[in-house]
Amino acid sequence: MSSVQTQKQLNTYANEKYKYGFETFIESDKPEKGLNQGIIRYISAKKKEPQWMLDWRLKSYEKWKSMKDSTWANIEFPKINYQDIYYYSSPKGFEDRPKSLDEVDPKLLETYKKLGIPLEEQKVLAGVAVDVVFDSVSVVTTYKGELEKLGIIFCSISEAIQDHPDLIKKYLGSVIPPGDHSFSALNSAVFSDGSFVYIPENVHCPIELSTYFRINSEDTGQFERTLIIADKGSYVSYLEGCTAPQRDTNQLHAANVELIALDNAEIKYSTVQNWYPGDEDGKGGIYNFVTKRGLCKGKNSKISWTQVETGSAITWKYPSCILKGDNSVGEFYSVAITNNFQQADTGTKMTHIGKNTKSKIISKGISLGKSQNTYRGQVRFLKNAHNSRNYTQCDSLLVGNQCGAHTVPYIDSKNKSSIIEHEASTSKINEDQLYYCRQRGISHEDAVSLIVSGFCKQVLQNLPMEFAVEAQKLVSISLEGSVG
Amino acid sequence: MFLSIKNLSVSIEDKLILNDFSLEMNKGEVHAIMGPNGCGKSTLSNVIAGNEEYTILKGEIVFKDQNLLDLNIEERAQLGVFLAFQYPIEIPGVNITPFLKASLNAKLKKEGKEEVDALSFAKELKQVATDLGIKSEMLSRSVNEGFSGGEKKRYEILQMSILKPSLAILDETDSGLDVDAFQTVTQGINKIKNDNNSFLIITHYQKLLDHITPDFVHIMKDGKIIKSGDYSIAKLIEESGYKNF
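Residue numbers (the numbering used here), protein chains in the order written: chain Y, 4 to 487; chain P, 3 to 247.
One or more of the hints may lead you astray.
To be verified - Each computed EDC-like pair below joins lysine to aspartate or glutamate, with the alpha-carbon atoms no more than 20 Å apart:
no., chain 1, residue 1, chain 2, residue 2
1, Y, K431, P, E55
2, P, K111, P, E77
3, P, K112, Y, D449
4, Y, K66, Y, E204
5, P, K111, Y, D449
6, Y, K460, P, E77
7, P, K8, P, D224
8, Y, K460, P, D224
9, P, K112, Y, E448
10, P, K103, Y, E448
11, P, K128, P, E139
12, P, K111, Y, E448
13, Y, K172, Y, D87
14, P, K195, P, E174
15, P, K103, Y, E162
16, Y, K460, P, E92
17, Y, K431, P, E147
18, P, K60, P, E92
19, Y, K363, Y, D435
20, Y, K431, P, E92
21, Y, K419, Y, E434
22, Y, K431, P, E54
No lab work stands behind these hints, which were simulated from the structure alone.
Using the sequences and the accompanying hints, generate a full structural model.
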């Protein structure tokens with residue numbers, strides 16, 4: 004197989020236009036651009052928040068002012084002008100939440116239909132409750148009644164602040180303190196909305212909880228805030244997926260997601276991320292600075308992150324686990340695909356604090372076009388983490404010769420009884436494999452898609468069934484030129 | 003003529019491998035090619051399959067009235083050319099069932115036939131595997147991943163049996179096989195052999211030819227056929243090697 008032909012093929016992939024690039028026309032209700040005390044008071048007032056919440060936001064803002072953006076990631080982008088961004092926008096007239104779908108703007112529903120999200124009955128029948136975030140306000144929550152019977156709380160974070168202040172006060176910011184870094188401080192100051200989940204003791208949440216995020220208003224920063232608490236002996240699987248419409252100016256996205264698992268509880272958090280990556284010349288696209296952190300607070304608890312990252316101009320994201328409870332388990336499964344001028348610096352942090360804690364990291368990076376794909380992972384064993392183990396495997400696949408793959412592992416052990424295994428590989432898409440597939444009559448393009456999905460399988464098979472199908476489709480879309 | 007190779011010269015990295023090579027095969031014939039290591043046998047099979055690492059200096063390959071050199075790898079495969087690889091390639095994470103189904107459907111589509119659905123394909127695959135003595139556990143594994151040499155060769159025969167090529171090229175498929183795997187290979191070939199397909203068998207050993215009687219045996223040396231004849235040549239080589247040629 005000539006590399007010339009492969010290169011030609013790649014150029015076809017690189018020319019693939021973003022398929023979800025459409026825009027819904029809904030009048031936005033938004034204040035002036037810029038970040039100051041005034042806008043924070045505006046956001047808080049708009050949400051009719053209690054004084055303690057406003058104080059928390061203002062304190063976070065003061066922290067943010069004293070901080071600098073971190074620069075250690077392997078990414079390049081122009082300095083963000085925080086005064087040139089809108090910090091709040093909501094589809095008009097949604098302060099009073101609609102009681103049923105009939106009350107929702109039909110254009111909004113149309114958008115979700117285009118994305119293939121069946122919001123109506125079939126979704127409920129399929130067993131998925133959806134908490135849809137459109138711009139910044141949660142619009143519809145379905146299936147709530149069924150969950151309420153089990154004592155499960157699944158609502159927007161704004162609602163939770165009103166209805167469950169004790170849980171919010173106890174847990175918000177307990178895993179990601181506002182002062183952790185500049186993006187967490189920023190999010191804490193101006194977070195717009197997001198999801199709140201509480202699973203009571205010994206309840207096994209019977210359905211996958213799911214939220215779809217979508218950026219829809221020009222120059223609107225998205226500052227989602229999600230908090231999931233699994234009480235003793237409970238289980239929950241949470242799905243997060245997003246696509247965004249095409250536009251020209253860069254959009255800042257700085258979400259914070261906190262997970263807390265108490266004794267014997269398990270949280271499985273799955274993400275398919277497909278924010279607009281920018282065009283063929285690297286213009287536009289989302290800057291995705293996400294902080295996701297899970298705390299295995301109780302003994303025998305488990306937190307598992309699975310992510311498929313295909314979008315964004317910049318992905319800066321390290322879903323992490325703090326393994327505090329004895330015998331707790333943290334897992335991270337990741338597929339990151341970058342194309343054109345995309346930059347991804349993603350990985351995880353596993354911090355072993357308790358005894359007999361275990362963590363597992365499986366990372367698959369695929370680079371195409373002129374993209375840069377970095378795995379950055381930190382594994383730490385603190386001095387009381389006796390008999391703890393980590394297994395890390397990170398594999399990179401290069402498609403073409405204009406892209407880059409980088410692996411940056413940090414290992415820090417203060418406990419002699421802990422064991423760390425690390426495996427890493429970097430390979431180019433194998434011409435022999437392509438030849439073999441094509442000799443069996445499979446076209447060059449399909450062969451690439453086949454080989455890549457095989458490469459990702461270890462991760463994709465960890466996704467919940469219905470999500471895995473969507474992820475598989477996304478992987479193909481990210482790779483294919485004319486097919487898909 | 004079913005397959006006609008005329009005056010074919012091929013090089014790789016400026017080294018001449020096939021030198022004015024010619025071969026003609028009729029429908030329904032089995033041809034065996036024998037020859038010392040490095041004489042160009044594997045190059046021949048890869049050039050027929052369309053491997054792009056080689057440079058064609060001159061000559062032509064016509065198969066089913068089409069100029070093969072104008073077609074790319076997958077087009078040749080869809081036309082009915084199948085190569086059982088000497089060293090089958092591992093494709094981690096890709097299960098054999100969807101892989102082979104995609105192969106078969108690409109061919110059926112090309113022929114304007116209806117594609118097979120997943121369920122009936124899985125049934126057929128299981129049946130064919132059982133007939134070849136291949137355990138059904140092997141069908142849930144990834145293509146060639148972690149297979150022994152013998153298992154890989156059996157997998158090639160399984161694929162050939164499903165795809166039913168009109169020209170099957172077997173590149174040293176019999177090398178390094180235990181008795182059972184050897185039987186799978188010979189059984190598989192004899193089962194699909196008929197008046198409408200042809201086999202080009204590259205081998206070092208007479209033993210395979212005892213089970214699959216070739217119509218012609220060719221001795222290859224320095225990139226071309228230096229002697230052709232019937233099965234008796236193979237015996238001669240088994241006894242005294244290539245030095246007499």
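So, going through the hints one by one against the coordinates:
| no. | hint | result |
| --- | --- | --- |
| 1 | Y:K431 <-> P:E55 | holds (17 Å) |
| 2 | P:K111 <-> P:E77 | holds (12 Å) |
| 3 | P:K112 <-> Y:D449 | holds (15 Å) |
| 4 | Y:K66 <-> Y:E204 | violated (35 Å) |
| 5 | P:K111 <-> Y:D449 | holds (15 Å) |
| 6 | Y:K460 <-> P:E77 | violated (28 Å) |
| 7 | P:K8 <-> P:D224 | holds (16 Å) |
| 8 | Y:K460 <-> P:D224 | violated (45 Å) |
| 9 | P:K112 <-> Y:E448 | holds (16 Å) |
| 10 | P:K103 <-> Y:E448 | holds (16 Å) |
| 11 | P:K128 <-> P:E139 | holds (10 Å) |
| 12 | P:K111 <-> Y:E448 | holds (16 Å) |
| 13 | Y:K172 <-> Y:D87 | violated (31 Å) |
| 14 | P:K195 <-> P:E174 | holds (18 Å) |
| 15 | P:K103 <-> Y:E162 | violated (50 Å) |
| 16 | Y:K460 <-> P:E92 | holds (15 Å) |
| 17 | Y:K431 <-> P:E147 | holds (18 Å) |
| 18 | P:K60 <-> P:E92 | violated (33 Å) |
| 19 | Y:K363 <-> Y:D435 | violated (31 Å) |
| 20 | Y:K431 <-> P:E92 | holds (15 Å) |
| 21 | Y:K419 <-> Y:E434 | violated (44 Å) |
| 22 | Y:K431 <-> P:E54 | holds (18 Å) |
Checked against the numbered hints listed earlier, the structure breaks hints 4, 6, 8, 13, 15, 18, 19 and 21; every other hint is satisfied.
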